[in-house]
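Chemist: Each chain is listed here by its residues.
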Amino acid sequence: MEQSELEKNHALLKEKFARHEQILIQAYKSLKKKELALNLLNNELSASEEEIKIINEGLQAANEEITAINEELHNKNIIIEEQNVELRATMQHLKDTQSTLLQSEKMASLGILTAGVAHEINNPLNYIMGAYIGLQNYFEDYPSPEKEKVAVLLSILLEGVERASKIVDSLNQFSRNNEANIEPCNITEIIENCLVILNNKIKPYIQVKKNYCNSPIVIEGNTGKLHQVFLNILSNSQQAIEGYGEIHIVTKKINSDWVVEISDTGVGISNENLNRITDPFFTTKPPGKGTGLGLSISYNIVKEHNGVLKFKSEIAKGTTVQIVFPIS
Amino acid sequence: MTKGIKVLYIDDEPVNVQLFEIIFSRKYAVLSGSSGFDGLKILENNPDTSVIISDMKMPGMSGIEFVLKAKEKFPDKNYYILTGYDITEEIQTAINNGLIRNHFKKPFNLDKIESSINEAARFN
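Same order as they appear, the protein sequences are chains D and W.
For the first sequence, the residue numbers in this note's numbering are 47 to 374.
For the second sequence, the residue numbers in this note's numbering are 765 to 888.
Read the hints as simulated data drawn from the structure, not as lab findings.
Keep in mind it's a predicted model, so treat the numbers as computed, not measured.
Incorrect hints may have been included.
[Said to hold, decoys possible] Simulated pairs of lysine to any residue, SDA-like, Cα-Cα distance not exceeding 20 Å: (1) W:K821 <-> D:E166; (2) D:K247 <-> D:G314; (3) W:K767 <-> D:N183; (4) W:K821 <-> D:N169; (5) W:K876 <-> D:D215; (6) W:K767 <-> D:E186.
[Claimed, not checked] Computed list of chain D residues with no C-beta within reach of chain W, every gap over 10 Å: (7) S50; (8) E81; (9) L84; (10) E103; (11) Q106; (12) M137; (13) T143; (14) A164; (15) I167; (16) L171; (17) N172; (18) N218; (19) K298.
[Unchecked claim] Just some of the chain D residues that point at chain W, by a computed CB distance under 10 Å: (20) H165; (21) E166; (22) M175; (23) Y184; (24) S211; (25) S316.
Where is the CB? At the ideal position from N, CA and C, for every residue including glycine.
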C-alpha cells in the first residue's frame with residue numbers, strides 16, 4: 047500500500063475514532079446526567095416514603111381518635127336514651143301528680159264547703175231535735191186527748207231530723223281526707239252514703255238493685271278517699287244511663303277477696319276507649335261536664351288500698367266495674 | 765237522784781241554750797252561759813259542777829280554748845264538746861290527750877249525752 051493511502055486511512059480512522067470518542071463522551075455525559083436524575087428521584091422517593099410513613103401514622107392516630115369518639119358517642123347515646131326513658135317516666139309522674147293535685151284541691155274545697163254547710167245545717171237540726179225531745183217530754187207529762195195523732199206527728203219530726211242528719215253526715219265523709227288516717231272502712235256503708243248523695247239524680251228514672259253479701263265488708267283504709275271512689279263510679283253509672291235504666295250493686299266474698307260489682311244498663315264504652323278511661327284527663331264527656339280525673343284518681347286510690355279496679359263494657363248494653371280488695 | 769248533778773252548758777246560740785235547759789233540767793241541775801268567759805265565771809261560783817258541755821265554735825273563745833282555761837283551775841271535772849262539726853283533728857287530739865272525755869254531735873243524741881253525764885257523775 048502506498049504511504050499516502052496509509053496516511054489517508056490513518057487519518058480516516060483517527061477521524062472515526064474521534065467521532066466515536068465524541069459519541070461515547072456524549073453517551074457518558076448523558077448517562078451521568080441520567081444517573082444524577084435518578085439519584086435525585088431516588089432521594090425524592092425516599093423522602094416521600096418518609097412522608098407517607100408520617101402521614102400513615104397520622105391517619106392511624108386519626109382513626110383511633112375517630113373510634114374513640116365513636117365509642118364515646120355511642121355511650122352518650124345510651125345515656126341520652128336512658129335519660130329519655132327517665133324523662134318520660136318523670137313526665138308521666140308529673141301528669142299523675144298534677145291530676146292528683148287538681149283532684150285533692152277540688153276535694154279540699156269540697157271538704158271545706160261541706161264542713162261549713164254541715165255545721166250550719168246541724169245547728170238548726172239541733173233546734174228541731176231539741177224541740178222534738180222537749181215536746182215528747184211535754185206530752186208525757188200532759189197527755190193530749192189525740193194521743194195517736196201526736197205520736198205520729200212526733201215520729202215524723204224525728205224521722206225528718208234523722209234523714210237530714212244522715213245526708214249531712216254522708217257529706218261530711220268527703221271532708222275526711224286525712225292522709226295518715228287509716229281506719230276501718232265499711233264498704234257497704236260507704237256505698238249507701240254515696241247513694242244518698244246521688245239520690246236526686248238517680249230517682250225516678252234509675253232503679254238501684256242491691257245484692258249485698260251477709261258479712262260486713264270492712265277494710266283498713268281512708269274513708270274519705272274510698273267515698274270518692276264509689277261516688278265516682280256510681281255517678282259514672284248514673285250518667286251513662288240515658289232515660290230509664292238500672293244500676294246493680296253486688297258485693298261478695300270470693301276466696302280471700304272482697305268483690306264489689308257495680309253494673310249499669312247505660313250506653314257502654316267502646317273497646318278503644320276502655321283502655322284509656324283510667325288515663326288522667328281522658329274524658330268523652332262534653333267540655334265542662336267531666337275533668338277526666340275521676341277514674342284515674344279512683345284507680346290510684348284502689349291501688350293504694352291494695353285493690354284492683356277492672357272494667358267490662360259493651361256498647362249500648364252497659365258497663366260493669368269490678369273493685370277487688372284483699373281481705374285484710 | 766240525778767237532780768243533784770250540776771251540768772254547765774255553754775253555747776253562743778240562745779235557742780240551743782234554751783232547749784238544753786228545758787230538756788236536761790228534768791233530770792239535772794243545769795247552769796248555762798253564752799260564752800267561755802261566762803263559763804269560767806259560773807264555775808268560780810259553782811265549784812261543785814261536775815259536768816261541763818260546751819259548743820265548739822263561739823266568738824272570742826272556742827270550746828277547746830274554754831276547756832283548756834277551765835281545766836287549769838278545775839282539773840277534775842268532766843268536759844265534753846257538743847258541736848255541729850264532724851269530729852276534727854283538734855277535737856280528736858283533745859280526746860286523745862284527755863282534755864275532754866268525748867264529743868257529741870249536733871243534732872244531739874239524748875241517750876248518749878245522758879248516759880255520759882251519769883257515768884261521769886259516778887266518777888266524781
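Chemist: Now tell me, hint by hint, if it's right for this structure.
Modeler: Hints, one by one, checked against the model:
| no. | hint | in the structure |
| --- | --- | --- |
| 1 | W:K821 <-> D:E166 | holds (11 Å) |
| 2 | D:K247 <-> D:G314 | holds (19 Å) |
| 3 | W:K767 <-> D:N183 | holds (16 Å) |
| 4 | W:K821 <-> D:N169 | holds (11 Å) |
| 5 | W:K876 <-> D:D215 | holds (17 Å) |
| 6 | W:K767 <-> D:E186 | holds (19 Å) |
| 7 | S50 | holds (156 Å) |
| 8 | E81 | holds (112 Å) |
| 9 | L84 | holds (107 Å) |
| 10 | E103 | holds (79 Å) |
| 11 | Q106 | holds (76 Å) |
| 12 | M137 | holds (35 Å) |
| 13 | T143 | holds (25 Å) |
| 14 | A164 | violated (7 Å) |
| 15 | I167 | violated (8 Å) |
| 16 | L171 | violated (4 Å) |
| 17 | N172 | violated (4 Å) |
| 18 | N218 | violated (4 Å) |
| 19 | K298 | holds (31 Å) |
| 20 | H165 | holds (4 Å) |
| 21 | E166 | holds (7 Å) |
| 22 | M175 | holds (4 Å) |
| 23 | Y184 | holds (9 Å) |
| 24 | S211 | holds (6 Å) |
| 25 | S316 | violated (41 Å) |
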